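Two chains, two frames, some hints: make the complex.
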Amino acid sequence: MTTGTAGARPSTRRWTTVALLVVPVVFLGVFFVNPVATIVATGLRPEGSFDPAAIGRVLRDPVVARVAWFTLWQATLSTLLTLAIGLPGAYALSRLRFRGSALLRASVTVPFVLPTVVVAAAFLALLGPESPINTALGGLFGTGAPTIDLRRTVTAILIAHVFFNYAVVVRTVGGLWSLLDPRLEDAARVLGASRWSAFREVSLPLLRPAIASAAAIVFLFTFTSFGVVLILGGPGRATIEVEIHRATTQLLDLPLASVLALLQLIAVVAALVVYGRLQRRVTTQPLVATTAASHPPQTTGERTFLAANLLVVALLLAAPLVVLVERSLAIPDGYGFTHYRALFAATRDTVLAVAPWQAIRNSIGFAIAATIVAVIVGGLAATAAVTGRGRTAGVVDRALMVPLGTSAVTIGFGFLLALGRPPVDLRGSPWLVPIAQALIATPFVVRTLLPVLRSIDERLREAAAVLGATPRRIWQEVDLPIVGRALLVAAGFSFAIAVGEFGATVFVARAQFPTMPVAIFRLLGRPGIANFGQAMAMSTILMFVTASAILLIDRLRVGQVGRF
Amino acid sequence: MKRTRPILVPLLLSLALVLAACGDGPADEPDDTTEEPDPTDDAETDDGEAEDDAAAPDEPADDVTIRLMTHDSFDVSTDVLEAFTTETGIDVEVVPMGDAGTALNQAILTADQPQGDLLFGVDTTFLSRALDADLFQSYESPRLEAVPERYQLDPEHRLTPIDVGDVCLNYDVGWFEDAGIPVPQDLSDLLDEQYEGLLAVQNPATSSPGLAFLLATIDHFGESGYLDAWETLRDNDVLVTDGWTEAYYGEFTAASDGDRPIVVSYASSPPAEVFFADPMPDEAPTGVIEASCIRQIEFVGILGSTEHPDEAQQLVDFMLSTTFQEDIPLTMFVFPVVDDAELPEVFVEHAVLPDDPLDLDPEVIGQNREEWIDEWTRTVLR
Numbered sequence: 044m045t046t047g048t049a050g051a052r053p054s055t056r057r058w059t060t061v062a063l064l065v066v067p068v069v070f071l072g073v074f075f076v077n078p079v080a081t082i083v084a085t086g087l088r089p090e091g092s093f094d095p096a097a098i099g100r101v102l103r104d105p106v107v108a109r110v111a112w113f114t115l116w117q118a119t120l121s122t123l124l125t126l127a128i129g130l131p132g133a134y135a136l137s138r139l140r141f142r143g144s145a146l147l148r149a150s151v152t153v154p155f156v157l158p159t160v161v162v163a164a165a166f167l168a169l170l171g172p173e174s175p176i177n178t179a180l181g182g183l184f185g186t187g188a189p190t191i192d193l194r195r196t197v198t199a200i201l202i203a204h205v206f207f208n209y210a211v212v213v214r215t216v217g218g219l220w221s222l223l224d225p226r227l228e229d230a231a232r233v234l235g236a237s238r239w240s241a242f243r244e245v246s247l248p249l250l251r252p253a254i255a256s257a258a259a260i261v262f263l264f265t266f267t268s269f270g271v272v273l274i275l276g277g278p279g280r281a282t283i284e285v286e287i288h289r290a291t292t293q294l295l296d297l298p299l300a301s302v303l304a305l306l307q308l309i310a311v312v313a314a315l316v317v318y319g320r321l322q323r324r325v326t327t328q329p330l331v332a333t334t335a336a337s338h339p340p341q342t343t344g345e346r347t348f349l350a351a352n353l354l355v356v357a358l359l360l361a362a363p364l365v366v367l368v369e370r371s372l373a374i375p376d377g378y379g380f381t382h383y384r385a386l387f388a389a390t391r392d393t394v395l396a397v398a399p400w401q402a403i404r405n406s407i408g409f410a411i412a413a414t415i416v417a418v419i420v421g422g423l424a425a426t427a428a429v430t431g432r433g434r435t436a437g438v439v440d441r442a443l444m445v446p447l448g449t450s451a452v453t454i455g456f457g458f459l460l461a462l463g464r465p466p467v468d469l470r471g472s473p474w475l476v477p478i479a480q481a482l483i484a485t486p487f488v489v490r491t492l493l494p495v496l497r498s499i500d501e502r503l504r505e506a507a508a509v510l511g512a513t514p515r516r517i518w519q520e521v522d523l524p525i526v527g528r529a530l531l532v533a534a535g536f537s538f539a540i541a542v543g544e545f546g547a548t549v550f551v552a553r554a555q556f557p558t559m560p561v562a563i564f565r566l567l568g569r570p571g572i573a574n575f576g577q578a579m580a581m582s583t584i585l586m587f588v589t590a591s592a593i594l595l596i597d598r599l600r601v602g603q604v605g606r607f
Numbered sequence: 013m014k015r016t017r018p019i020l021v022p023l024l025l026s027l028a029l030v031l032a033a034c035g036d037g038p039a040d041e042p043d044d045t046t047e048e049p050d051p052t053d054d055a056e057t058d059d060g061e062a063e064d065d066a067a068a069p070d071e072p073a074d075d076v077t078i079r080l081m082t083h084d085s086f087d088v089s090t091d092v093l094e095a096f097t098t099e100t101g102i103d104v105e106v107v108p109m110g111d112a113g114t115a116l117n118q119a120i121l122t123a124d125q126p127q128g129d130l131l132f133g134v135d136t137t138f139l140s141r142a143l144d145a146d147l148f149q150s151y152e153s154p155r156l157e158a159v160p161e162r163y164q165l166d167p168e169h170r171l172t173p174i175d176v177g178d179v180c181l182n183y184d185v186g187w188f189e190d191a192g193i194p195v196p197q198d199l200s201d202l203l204d205e206q207y208e209g210l211l212a213v214q215n216p217a218t219s220s221p222g223l224a225f226l227l228a229t230i231d232h233f234g235e236s237g238y239l240d241a242w243e244t245l246r247d248n249d250v251l252v253t254d255g256w257t258e259a260y261y262g263e264f265t266a267a268s269d270g271d272r273p274i275v276v277s278y279a280s281s282p283p284a285e286v287f288f289a290d291p292m293p294d295e296a297p298t299g300v301i302e303a304s305c306i307r308q309i310e311f312v313g314i315l316g317s318t319e320h321p322d323e324a325q326q327l328v329d330f331m332l333s334t335t336f337q338e339d340i341p342l343t344m345f346v347f348p349v350v351d352d353a354e355l356p357e358v359f360v361e362h363a364v365l366p367d368d369p370l371d372l373d374p375e376v377i378g379q380n381r382e383e384w385i386d387e388w389t390r391t392v393l394r
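Going down the list, the sequences are from chains R and L. Quick note: the first sequence uses the numbering used here, first residue 44, plus one each step. Quick note: the second sequence uses the numbering used here, first residue 13, plus one each step.
If you are wondering where the hints come from, they were derived from the structure by calculation, not from laboratory data. Note that the coordinates shown come from a computational prediction; the quantities given were computed from them, not determined experimentally. Where hints are given, some of them may not hold.
[What the hints assert, rightly or not] Facing chain R, according to a computed beta carbon distance under 7 Å, are these residues of chain L, among others:
| # | residue |
| --- | --- |
| 1 | 118 |
| 2 | 122 |
| 3 | 187 |
| 4 | 248 |
| 5 | 252 |
| 6 | 258 |
| 7 | 261 |
| 8 | 262 |
| 9 | 281 |
| 10 | 284 |
| 11 | 285 |
Positions of the beta carbon are idealized from the N, C-alpha and C atoms, including for glycine.
Chain L extracted, bound-state conformation (with noise of 0.2 Å):
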């Protein structure tokens, strides 16, 4: 009987396991059910008006921790957000989970048993899907008097606008002033002989700057047009990825060894080229073609079924703070929404956001939205 360890460990372990995920699923649950709000303060959302009072003296907030569920490109600098909870005693968990459009369809799916209070990340694309599933309660933040009109698209109030970042063309201006040709001016300037096999777009069933370009076509060349003009596309021999990252460090002149000196991207994307450089050059090796901008709004939604709607409209209000705003610009690399807030020196310099850019009705991308992507990969990719 010299040696039983080795039969020994495995079934201990396999104890220990069992034991741990037993014990695991409950111990991470006091956070939503010690202290549960009575359910008749909740129905009340109209009059929790959210005036700032830093900690509630009629319930113990300290304790509250609300889920924030959000895409994967969601970002906020540490101190930002505790200084949220500094104020307020509440502790704010973020959920990412996958890209934009995966996050809402696992936010609709599991409506019944929500895995967090809040959704940031409907963007205007989305924003109609994200209406009928019936998710959001309304709140009317009182910081939506910084926010210019043109940003708030649900006059419910369900979805709060949050930041906007255009999805515009990228050109790496080396490329264009090496080959002496001039840089396209708008979409129709891509149609041309001379710019065959420049260009590298993102997929629209897959990617959502890909999707956002693709109703940039729509808006500019109109639905009747729009597939004639990608036809043209194709035959300029487009090339299609399947994501932002494949066609940004994988085909893009600037950024890649890449042979497409014009990629789908966005508005801040100079001056991220200029900020994650080391030493910061004095001009972004890259350009927007301000016609091909098209309008992407970001917003966040207070979910129906949370028991905390107190604690998600204090957030709602922070997320519009100038704090929080003028964070985004470094974070997220979008600009923020409200008026009263300074964007960081890289983004005077650096980038564009067209005061007229591209914009379809979110209404009718949301009937649209599938037909147009099937009529786009037969037309582009069959």
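Isolated chain R (complex conformation) (with noise of 0.2 Å):
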């Protein structure tokens, strides 16, 4: 029935995309803007009707002032800096081919999933006055060496976001720089363009929108920042969400914790409008397979390149994971598996100790039910708005993007206000969990596929159709090949995400179904070094289990990737 040419489709074409966006919207709907809508109505009414007052008395205080300009600034800062420094990386690591580049590409994404508590123990490590570089300046200069100390500044929280966003630019960037066609690069050097100009003319432009993706997610996170600002930042510094969280679990004072959630979304939005415009005027491109585009580095300077950026990498995200294994493996008199063993012996049978097995067991079950819950949404949001011709698609794409930017406290909270009404109380169901997951997970699928399918040619879905293709036909063996590739980025990213996710689980998890975050969180909650050297243990093996399911990942080829 769908033989028609290219012209004659529009119509079916509109309720194709109005047919994507059931699953996406319904998604939406009743598990992020239901549950926000009812705790900030409940806020909103403290007295059960709307009070203005509540929200002008909030935004005359100078201290919700401040601390909306520190989190609006801070996040700016995070940002260019992530890009800044992601960017690079994202072109070493997608275009340059070296021994252990895979292992390297998937390693990089650990950060992304560690707990901060666990994080802010080896930052704490590495920029006191005790640290390496201290001991080094120590040695170069004898006592008068300057002390570096970072703890609690500022600088400390940008180095964080960093390590934590890093691997945002370069698997969002690097997803579609590897597909990229070399040549059109190579045809600029031809012409005379210097390296720089061929990339500033020619890369660039096409890699906008991924880049604008990236940044847009990394703005996101970190102007939503919680543990980073709480630990690395000190007491004093405080960003929104910070705030909300302050108001809704300690003071209760929910009309505070509703204006400032509603702030925090006015600001997303805006970010997000910013972002849209960003992401119009989209070429397109051809693209090619990942191993046509990346190449042996060749000439010095791009040697020089690369093993820069390998410093990075070495400076910046490794050093606090081997900090880490190093804590993990420490004993009092010399190194050992101690922790190890005692995490798989169990000793302690209570009710909330976990046995590792059953923790990891967990994580893994639940992070590949949000795996799967994500692509199927973000994957049909994405393919809607490539079809779709109108805004709706665009706008959908971007509300799925608001959960990022919203208090895991407001989401959490709202689940219990919003998911216990009848018919269904979905409270205390397992499916929660994967679920608060798919919502944070979700937007990263979006932004790794839409870049990738805007950039395939019309022309070759108009000439398949033209030769009587289905649109499932089109898309199987147009779209599907291409796509494939970003598909899998952006399965691993979900999984990463959803393993190590932590501040929505934390509300909606039972005690029977333990994570290894929660693990870790537990260990840490007590004293004894036994604690602490298991707690170091668990989170090794979580950035093992990360890093592993990665690599799997990456190395799966889903379609025919790079047929032509």
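Structure (structure tokens):
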């Protein structure tokens, strides 16, 4: 029935778009809009009626203004810094081929999943007066050497934000970069352009959607930064997120929490509108297979460039991770596997003590479920965004990003209030865990897929349609082979997010299904060297599980990537 | 048509998912709805004297599951909880809901659609908020006979004391020996210049021991003097962290690479340091400054909305039994409240529970808590 030409399909096409959007819209409506609206409405009507004075009172508070300003500028600065360090990394890891590059690509994602409290312990050791850097300085200049102490500074926050979000840039931008035809730049070079201007004039415009995507995600993440700011920035510094958390969980001041949540929401939507503008005027481009786009470093310049990036990875990403591993192995008189053995021996048979294999199994199980949900919801939304001509799809696409910029406490408390209503009390259902995780992971799927889907030359689809292919067949034969790679990147990312997710999970997880971050958190909640050591050992296991999962996903192949 | 799979798989998966999601909710419910005790039975909570009749013959108690909402630090040995189930036929599902403040606030906000039948973990600092919210029904357990009067803070018995664990300054024994500085004896000593840069505390706005320590300073220095004391502490370079973990494992010399030999922790932390070391040392590496201790009592309450008041009362009785009370020290690392419970050896040797700790009236705390936190924040952090 769909054998018509491309010109005859607008109405079919609109219906396809609408059909594709049903699942994402329902998902977002039930599990995001509904809970958040419920909690905000509850807060704005403290005595049962709307109280506008409460809004004014909060907005006039100088502390709120200062917190809002700090939130904005640290997020902007963090985003710029992450881009500045991440973009060269994305090139090095996607276009240059070297021994271990696949392993490295998988490993840079590890920081992303680690619980903040664990990473902070490593950062405090590296940034404090006893750090190796200071030891080296002391060795060089003697006792008069300057001591660098970055603990509880904005610098520490910025460094940590780059540490956590480096992978976002490398994976989102690198995913597209690895598909760009290198001959485009080669042609420019042949025509006399310098390496830099060839990049600026040719690749940069083509990469812009992916860069904008990465920037938007990093901005939203750092805008709602919680643990990093609290632990590394010290208690004097607070983001809006921190204040919402305090108002909700400690002060039980829901009016304050609601106004702050609205403020956060407005800022996030404004950021997404700006981002939407950057996304327009997208150029389609020929894409090629990964293997064709990457090459071993040839010139001295390229080798230096690669070395510089590897150095950044070593100092910024690897060093804190090495500290973690070192601590998991440290025992009173040297090194050993005592903490790992203790984890698996499960000597304390209590209700909340978690057998490690159980926590690992739960984490992986939840993460797989969350990945499936996120890939379906995000995949449908991304497909709708490309097939749709109207603005609806774009709006849905951006709406899916709003949860990233929303406080985990708001969502968590919203779940409790909104999802306990008849007919179904979803609270306590194990399904809520992957759903909460998918809420955070879905935007990554959309962001990773969209630039690639948009880059597919529309003429290919039209040609297929002219030749009589059904829309499904077109998707299968044209889109999927190209998208397959990006789909895997997205799945890997979703998995990583779900494995490490803690903020929202903690509100919905039940005692029977503790995850690895929950286990780490519990171990770190009580004194004793054994508990600390085991927490570090569990963190090391979490790192290992994440890296292997991503490596595995990266190695899968879907469709016939690079067929043309 | 060789490759129809790729599009079918996601479709089928999403379908399965939707079905599973729909099917799962109701499947979880039967616990609550299958057998609803007669509402008239529930009203008469007073005559439910809990005569320890193992399985009440008049109703099939075997299938009842009651939910115990609690904070994340709650813990109990598996066999202890199983003993209760074997004895009474009642299953207990533990529902951890964040830290103490978060758990209570969740219970208050979901009062209409509660997630459990009991709430454990209301402490002295939040006692008045919990009582004002009118969440609980009265139950006077016969086991309260074994609980000293000073722990029974609610005369109406809506909240029943379960454990007591003081918040105290801990110090690194080895550090003070090496440094040759005397260990401070009380809170006033900390204002002395020789203790500059040695103390780490938690933010009372985000941490429960942090709040307890702020209350300790208010009790010690008085309402008119505590802010001056904190100003001096600030000039003495007090370090404020967000939570207990960051202070203890991030800053405390005895447990981290940090440079603070004094930290706000618990009276039970030294025995924990002994218990969780392999091999166990003869002496605890940390000590407690007894005059800095402030009493923290934790309570359990039966929610007014529960459909299983009898079963909930049996659980409260059980939580006050020697079986449960003697399990408390090595699972939650706090002290039992009943006087007939025996302490484990590691507690006898390495733990102190001061006879006369600092103490503030929960009523007064309730009236001033937010204001004190605000003033503290302005003085110390801004």
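Hints, one by one, checked against the model:
1. With its C-beta approaching chain R no nearer than about 6 Å, residue 118 of chain L sits inside the 7 Å limit, and its interface hint holds.
2. The beta carbon of residue 122 of chain L comes within 5 Å of a beta carbon in chain R, closer than 7 Å, and the hint placing it at the interface holds.
3. Nearest Cβ of chain R to the Cβ of residue 187 of chain L: about 14 Å, over the 7 Å cut. The hint is violated.
4. Taken as an interface hint, residue 248 of chain L does not check out: its beta carbon lies about 17 Å from the nearest beta carbon of chain R, beyond 7 Å.
5. Using the Cβ-Cβ criterion of 7 Å, the hint placing residue 252 of chain L at the interface with chain R is satisfied: the shortest such distance is roughly 5 Å.
6. At about 5 Å, the closest approach between the beta carbon of residue 258 of chain L and any beta carbon in chain R falls short of 7 Å, and the interface hint on this residue holds.
7. About 6 Å separates the beta-carbon of residue 261 of chain L from the nearest beta-carbon of chain R, less than 7 Å, and the hint is met.
8. The restraint placing residue 262 of chain L at the interface with chain R holds, with a minimum CB-CB distance near 5 Å, inside the 7 Å limit.
9. Checking residue 281 of chain L against chain R: minimum C-beta separation of about 4 Å stays under 7 Å; hint holds.
10. The beta carbon of residue 284 of chain L comes within 4 Å of a beta carbon in chain R, closer than 7 Å, and the hint placing it at the interface holds.
11. Because the beta carbon of residue 285 of chain L sits about 6 Å from the nearest beta carbon in chain R, less than 7 Å, this interface hint is met.
Going through the hint list in order, the structure does not satisfy hints 3, 4.
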